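Trainee: Okay, here's what each chain looks like letter by letter:
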Amino acid sequence: MKFTKLATVALTTLAVSAPVVADLVFPSLSYRTGPYAAGGAPYADGYADYFTLLNERDGGIGGVLTAVPECETGYNTAKGVECYEATKGDGALAYQPLSTGITYQLIPKTMADDIPLMTQGYGRTSGANGKVFSHVFNFPANYWSGASRIINRIMEENGGTISDRNIALVYHNSGYGKEPIPTLKALATKHGFNLTLIPVDHPGQEQKSQWLQIRRERPDNIILYGWGVMNQVALKEAANIRYPMDQMFGIWWSGTENDALEGMGSHGYKAATFHNVGSDYPVYKDIQKFVVDAGLTAGDGSNVGTVLYNRGMYSAMLAAAGAANAQEIHGVKDITSGMMRDGLEALNVTNEFMAAAGMPEFGPEFSVSCSNHGGPGNVGIQQWDGNSREWKLVGGFEAPDMELINALIKADSEAYAAENNITPRDC
Amino acid sequence: MFYRESGDFKKTYQKDSQTFPIKFDRWRYYFVMLVAFVVVPMFLTDYIANAVMIPFLVWAIAALGLNILVGYTGQLSLGTGGFMAVGAYATYKLMTAFPGMDMVSVILLSGLITAVVGALFGLPSLRIKGFYLAVATLAAQFFLVWLLNKVPWFYNYSASGQISAPQREMFGVIITGPHATPVAGYLFCLGFAVGLAWIARNLTRGRLGRSWMAIRDMDIAAEIIGVNPLTAKLSAFAVSSFFVGISGSLFFSVYLGAAEVTEAFGISVSFSVLFMIIIGGLGSIFGSFIGAAFMVLMPVLLKNVLVGAMGWPTDLAAHFEYIIVGGLILIFLIIEPHGLAQMARVLKEKLRLWPFPH
Numbered sequence: 000m001k002f003t004k005l006a007t008v009a010l011t012t013l014a015v016s017a018p019v020v021a022d023l024v025f026p027s028l029s030y031r032t033g034p035y036a037a038g039g040a041p042y043a044d045g046y047a048d049y050f051t052l053l054n055e056r057d058g059g060i061g062g063v064l065t066a067v068p069e070c071e072t073g074y075n076t077a078k079g080v081e082c083y084e085a086t087k088g089d090g091a092l093a094y095q096p097l098s099t100g101i102t103y104q105l106i107p108k109t110m111a112d113d114i115p116l117m118t119q120g121y122g123r124t125s126g127a128n129g130k131v132f133s134h135v136f137n138f139p140a141n142y143w144s145g146a147s148r149i150i151n152r153i154m155e156e157n158g159g160t161i162s163d164r165n166i167a168l169v170y171h172n173s174g175y176g177k178e179p180i181p182t183l184k185a186l187a188t189k190h191g192f193n194l195t196l197i198p199v200d201h202p203g204q205e206q207k208s209q210w211l212q213i214r215r216e217r218p219d220n221i222i223l224y225g226w227g228v229m230n231q232v233a234l235k236e237a238a239n240i241r242y243p244m245d246q247m248f249g250i251w252w253s254g255t256e257n258d259a260l261e262g263m264g265s266h267g268y269k270a271a272t273f274h275n276v277g278s279d280y281p282v283y284k285d286i287q288k289f290v291v292d293a294g295l296t297a298g299d300g301s302n303v304g305t306v307l308y309n310r311g312m313y314s315a316m317l318a319a320a321g322a323a324n325a326q327e328i329h330g331v332k333d334i335t336s337g338m339m340r341d342g343l344e345a346l347n348v349t350n351e352f353m354a355a356a357g358m359p360e361f362g363p364e365f366s367v368s369c370s371n372h373g374g375p376g377n378v379g380i381q382q383w384d385g386n387s388r389e390w391k392l393v394g395g396f397e398a399p400d401m402e403l404i405n406a407l408i409k410a411d412s413e414a415y416a417a418e419n420n421i422t423p424r425d426c
Numbered sequence: 000m001f002y003r004e005s006g007d008f009k010k011t012y013q014k015d016s017q018t019f020p021i022k023f024d025r026w027r028y029y030f031v032m033l034v035a036f037v038v039v040p041m042f043l044t045d046y047i048a049n050a051v052m053i054p055f056l057v058w059a060i061a062a063l064g065l066n067i068l069v070g071y072t073g074q075l076s077l078g079t080g081g082f083m084a085v086g087a088y089a090t091y092k093l094m095t096a097f098p099g100m101d102m103v104s105v106i107l108l109s110g111l112i113t114a115v116v117g118a119l120f121g122l123p124s125l126r127i128k129g130f131y132l133a134v135a136t137l138a139a140q141f142f143l144v145w146l147l148n149k150v151p152w153f154y155n156y157s158a159s160g161q162i163s164a165p166q167r168e169m170f171g172v173i174i175t176g177p178h179a180t181p182v183a184g185y186l187f188c189l190g191f192a193v194g195l196a197w198i199a200r201n202l203t204r205g206r207l208g209r210s211w212m213a214i215r216d217m218d219i220a221a222e223i224i225g226v227n228p229l230t231a232k233l234s235a236f237a238v239s240s241f242f243v244g245i246s247g248s249l250f251f252s253v254y255l256g257a258a259e260v261t262e263a264f265g266i267s268v269s270f271s272v273l274f275m276i277i278i279g280g281l282g283s284i285f286g287s288f289i290g291a292a293f294m295v296l297m298p299v300l301l302k303n304v305l306v307g308a309m310g311w312p313t314d315l316a317a318h319f320e321y322i323i324v325g326g327l328i329l330i331f332l333i334i335e336p337h338g339l340a341q342m343a344r345v346l347k348e349k350l351r352l353w354p355f356p357h
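Same order as they appear, the protein sequences are chains A and B. Per numbering that gives the first Met the number 0, the first sequence starts with residue 0, numbered consecutively. Per numbering that gives the first Met the number 0, the second sequence starts with residue 0, numbered consecutively.
In case anyone wonders, no lab produced these hints; they're calculated from the structure. Since we're looking at a predicted model, the values are computed, not measured. Where is the CB? At the ideal position from N, CA and C, for every residue including glycine. One or more of the hints may lead you astray.
Said to hold, decoys possible - Computed beta-carbon distance windows for the label pairs:
1. B:Y29 to A:S368: 27 to 35 Å
2. B:T11 to A:A417: 51 to 59 Å
3. A:A293 to B:G326: 53 to 61 Å
4. B:S267 to A:D384: 34 to 42 Å
Claimed, not checked - Stretch-level coverage of chain B by chain A, calculated; a stretch enters the list once three of its residues show a Cβ under 8 Å from a Cβ in chain A:
5. 76–89
6. 314–327
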């Protein structure tokens, strides 16, 4: 016990002395270690670099400098909670944990602490219901819209009918991978296709038995909900059994440069995406000039322009837009996390706005309201080109089966509200 | 000078057989209790409670439970994560099915449910021993996690298989959920930790504990002198699982508030609790606490030193954490193979004689 007390005393002094460097704080719960580092590092780089760009180019947001303190979670929920507790006292305005597991931990905590939780393309899908989840913002698209868009795409490719098809979902056996199951089940009932569920346990390095099953059953399509090393292994196994790559669809977390195989191995593999691809945007010139050339990159700079870097940057841009919006609404420069929430709830992203931010048509147009925190859910389809080694957009940003998704969101969020005694907001 | 026994006369058998027969020990114990119950709550912040003290107490309870099985009864188990998961899911089911039930009953009932499950998985221990038993309990770990993941009833058919703890109060004070104050959660866990440590200490001093130790030291000899291996082993599994279940229950309801079985209760949890008791000291109550402290506090302390005070990049610090903690484990085990508790014991022997060498 003596040792405990000593350590506690030492910890207290250290925790108290954490410095507050700037006024607008956007903590980054990143993971640059562990089996998911390949995905976590570029995302964290993009997130941090965008705020660095704002500081260097515009002098922050509305003239107030931003800061992005990083905390390593290793994709581990307990460490995520520790990071949250360690950083929330520094005036944190919004959290983006890039982990569905940590998101589930933080949903009740952020609601109690009045800090918005932004989960772009991950997290709890029913968080889109702003009446129940007042502090969760998962625009512009979520797991369910991704799943529905993939099914729509499969329908398009097969002349509008898929009632005779067998579709297999290969998923990371965690909260993240299980999220699309209710939607896919509902869609299977609606369209009459046959759904097979094939779970892969963390971290997903071993998938022999799963692919043996696929080899035996030969599903017509495969939907992949993987992350980190699991994606590469799945694509490699698919190539080994000569599964037709163009019949395989990944969610956006399975559609990065890291996942594609060497050579032509995964040529034709498709993935959903909620933002555009490539680095041909004006904002990259600024990033090159103000961040990379100035030697201020968060990582080693090698990730600039990759899919996950783009996504991190896009999320940072949305957070910054929310902060600027909050400054305008409340007429205060040094906003609090509560004001930040109001700013996000009144967010209106137009094409003009995106163009002004140097990212024309990078993401969809959408506006957030008190009841809808999920945006339109428009999802595009990208395809891997093994020749040029890059992702290309092959399907436009179209709305999924929102009627079905909204019904599921309503049911799931109301179940959460009932379990946790939350009275849905009136709006 | 310290631990003086002279002049400390016991006039009754009861006093003679008390837990801390030496006056200095007793006062030190009272002092630790005073610090834990009165002083620490005064300085508790959200961070200290949720990142340091509550996880420490929760892991200490798990280590206590595993120590009963491995340290006192000699049955090597790798199923701790699975049993913690049973405790957590039992708590979730009880909390959502009976919203009016008070938290103490919920947690004790979760412990009892885990005890039943644990005793069930303890049955093979009657036929298999040593490393083979470790493999059998490893099967329990994988089976339980698989089961809780597979059957949607356990997580109330939620979309992602996540369970989250609703808000519950006790005497008007919020214990679980996001609005719980750090002090409430800490004192709640502390109450369980102290109570369970007290039970463990007294069990191991009594008939049951002696039968466990007899089985551990030589099971055939124990059988000959009349210890029933069935009751001894199964009771060890049941009591151990009861402790581990309570720890899983607190882990889910008070500490994290939400959990996902494969991530929170995987095989790494089983190993980490096993390391706690090996580093702390097998067959020692104090060792369970100090082992948990080492495994929980060291990484947090290092992280704060490396990132907070020295400003290292987070990934570099995370990797160095593993190196330093791993190195320290090696050093401690080389200096004292019987764990930190044995170190404390040696220190105590030295202090008894100090400042005279003989």
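Trainee: Each hint needs a verdict: does it hold in this structure or not?
Mentor: Evaluation of the provided hints:
1. B:Y29 to A:S368: 27 to 35 Å: With Cβ atoms ~59 Å apart, the hint is violated.
2. B:T11 to A:A417: 51 to 59 Å: holds (58 Å)
3. A:A293 to B:G326: 53 to 61 Å: violated (38 Å)
4. B:S267 to A:D384: 34 to 42 Å: About 39 Å separates the Cβ atoms of S267 of chain B and D384 of chain A, which means 34 to 42 Å holds.
5. 76–89: violated (count 0)
6. 314–327: Our answer is that it holds, as 4 residues pass the Cβ test (under 8 Å) against chain A, meeting three.
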